[in-house]
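Engineer: Here is what each chain is made of, one letter per residue.
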Amino acid sequence: MTVVSMTVNGKAARADVPDNTLLVEYIREHLRLTGTHVGCDTSQCGACVVHVNGKAVKSCAALAVASEGADVTTIEGLANGEMHPMQTAFKENHGLQCGFCTPGMVMTATDMVARYRESGKTLDEAAIRSELEGNICRCTGYHNIVKAIADGASKMASS
Amino acid sequence: MYETKYHKASSVDEAVSLMGAADDGKLLSGGQTLLPTMKAHLAAPSDLVDVSGIADMNGVGVRGNVISIGAATTHAEVAGNAALQNACAAVTDLAANIGDPAVRHMGTIGGSIANNDPAADYPAALLALGATIKTNARDIAAEDFFVGLFETALEDDEVIVSIGFEAPEKACYAKFPNPASRYAMAGVFVAKTAGGARVAVTGAGDDGVYRQSDMEAALDGNWSAGALTGVSVSADGMLSDMHGDATYRANLVKVMAGRAVAGC
Ligand SMILES: Cc1cc2nc3c(=O)[nH]c(=O)nc-3n(C[C@H](O)[C@H](O)[C@H](O)COP(=O)(O)OP(=O)(O)OC[C@H]3O[C@@H](n4cnc5c(N)ncnc54)[C@H](O)[C@@H]3O)c2cc1C
Ligand code: FES
Ligand code: FES
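Going down the list, the sequences are from chains E and D. 155 is the number that the numbering used here gives to position 155 of the first sequence; each next residue is one higher, with no gaps. 155 is the number that the numbering used here gives to position 155 of the second sequence; each next residue is one higher, with no gaps.
Read the hints as simulated data drawn from the structure, not as lab findings. One thing to keep in mind: the hints can contain errors.
No more than 30 angstroms apart at the CA atoms, straight line, and that leaves these computed lysine-lysine pairs for DSS-like [to be verified]:
1) D:5 with E:55
2) D:26 with E:55
3) D:8 with D:26
With the hints as constraints, model all of the structure from the sequences given.
Structural biologist: Below, the structure written as C-alpha cells:
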C-alpha cells in the first residue's frame with residue numbers, strides 16, 4: 001500500500017492504495033468518477049483516456065501510485081457549469097450512439113486540438129483520423145466523430 | 001494484476017540498487033508494454049522500479065551531428081524535438097508513427113528497445129544508424145544488442161541510460177503497418193552513413209530485426225531505389241503468421257526498402 005496524492009478535476013485527492021492499482025481503477029472505484037470507461041484488456045480501445053499533466057494517456061496503462069503529484073482531468077472535469085465546446089459538438093453532430101467510447105473520444109479530441117494549436121499545425125480531416133488511431137468505436141463508423149471533432153475544434157477556437 | 005511493490009528511482013544508481021535489492025524486480029519506464037503484460041498475468045515482478053523521472057535519462061541532445069537520446073524520453077518528445085528533426089528527420093518521423101497519441105505520451109525509447117518486440121520500430125533505426133546503447137555498466141553496439149525475439153544483450157538489472165548515434169548523410173524509414181495494431185508488418189530503415197549504406201528490417205524476420213546486406217551492397221555504389229530492383233529477398237527466415245506469410249513479407253521488405261530510399 002502507498003499513500004498517493006494528486007489533483008483530480010481541480011480537487012485534491014489522497015488515498016492509501018495497493019501499488020498494483022491502475023489509475024483507471026483509482027478514478028472509477030476509489031473516486032467514483034465512472035465517466036472514464038474500460039473497454040479492453042489490451043490498451044487499444046482508448047475508452048479510458050484522461051489527461052495527466054495536460055497530456056492524453058490511457059489510464060488503464062498507468063499506475064495510480066506513479067501519478068503522485070499529478071494534475072488529472074477526467075471527462076467529469078471538462079464541463080465547467082456548462083458543456084465543453086467539444087461535448088456540444090459531439091451532441092450536435094451526432095458523434096455518438098451508445099456513448100461507451102465517447103468520454104475517451106472527447107478527451108482525445110481536446111488533447112489533439114490543444115497540441116495542434118500549440119504547434120501551429122492544421123488539424124484537417126486526415127489528421128483527425130490518424131490522431132484517432134488509439135480510440136475504437138463499435139457504433140458510429142467514425143464519420144460523425146470526425147465531423148464533431150472538426151466542429152469542436154472551431155468552437156474551441158472561438159470560445 | 002498480481003501484487004507488486006512500486007519504487008520511484010531518482011537516479012540511475014538508485015535504480016540499480018533498488019533492482020539489486022528486489023527479489024524479482026523489473027524496470028518500469030512508460031509502462032505501455034509492461035503494464036498490459038502484467039494485466040494479462042504474463043509477468044509478475046515482485047518490485048517495479050520506475051525510471052521515468054530520472055533526469056539523466058530524459059531528453060534529446062544534438063551537438064553538431066552527435067545525437068544522444070535519454071532512455072526515458074517518450075516517443076512524443078522525440079517526435080516533437082526540432083533540433084533532432086533538423087539533424088535526422090527519419091527518427092522523429094518514426095517516433096511520430098508509433099502506436100497512437102496516448103501511447104506516444106507515455107512509451108519510451110529505452111522501454112521499446114529493451115523489450116525488442118520483433119515488430120517494433122526503433123530497433124530498425126538503431127541498427128541502421130549503428131547506434132550505441134549506453135547502460136549503467138557499459139556501451140553496447142546496436143549490432144550486439146538486439147539478440148533475437150524479445151531478447152537483448154542486457155544483463156538482469158542492467159539499466160539503459162541513453163542511446164547515441166551520428167546523424168547520417170541521409171536516412172528514411174518506411175513501414176507497412178498492420179492495419180489493426182499499427183505495429184510493422186515490415187519496416188525498413190535505410191541510412192547513408194560515413195561507413196556506407198545500411199539497411200535494417202523490422203517486423204519481417206523470424207529472429208527479429210536484421211540487416212539486409214545485399215541491399216546495402218547494391219546501394220553502396222548507387223544510392224537509388226532503382227539499385228534495389230535487382231536484389232531478391234528470400235522468404236527463408238521470414239515470419240509467417242495470421243497477418244501474412246513469409247513470401248508476402250519478403251515482398252513487403254523489398255517494396256518498403258524501395259519506398260524508404262525514394263523517400264530520402
Ligand atoms: C496500443 C499500442 C500500440 C503500440 N504500437 C507500437 C508501434 O506501432 N510500434 C512500436 O515500436 N511500438 C508500439 N507499441 C509499444 C510502445 O512503443 C511501448 O511504449 C514500448 O514498446 C515500451 O516502452 P515503455 O517505455 O512503455 O516500456 P515499459 O512497458 O515500461 O517496459 C518495457 C520493458 O522494457 C524494460 N525497460 C524499460 N526501461 C528500461 C531501461 N531504461 N533499461 C532496461 N530495461 C528497461 C522493462 O523492464 C520492460 O521489460 C505499442 C503499444 C501499445 C500499447
Ligand atoms: S481500457 Fe484503456 S485502452 Fe481500452
Ligand atoms: S458510440 Fe458506441 S462505441 Fe462509440
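Engineer: State for each hint whether it applies.
Structural biologist: Structure-based check of all given hints:
| no. | hint | result |
| --- | --- | --- |
| 1 | D:5 with E:55 | 26 angstroms, holds |
| 2 | D:26 with E:55 | 26 angstroms, holds |
| 3 | D:8 with D:26 | 12 angstroms, holds |
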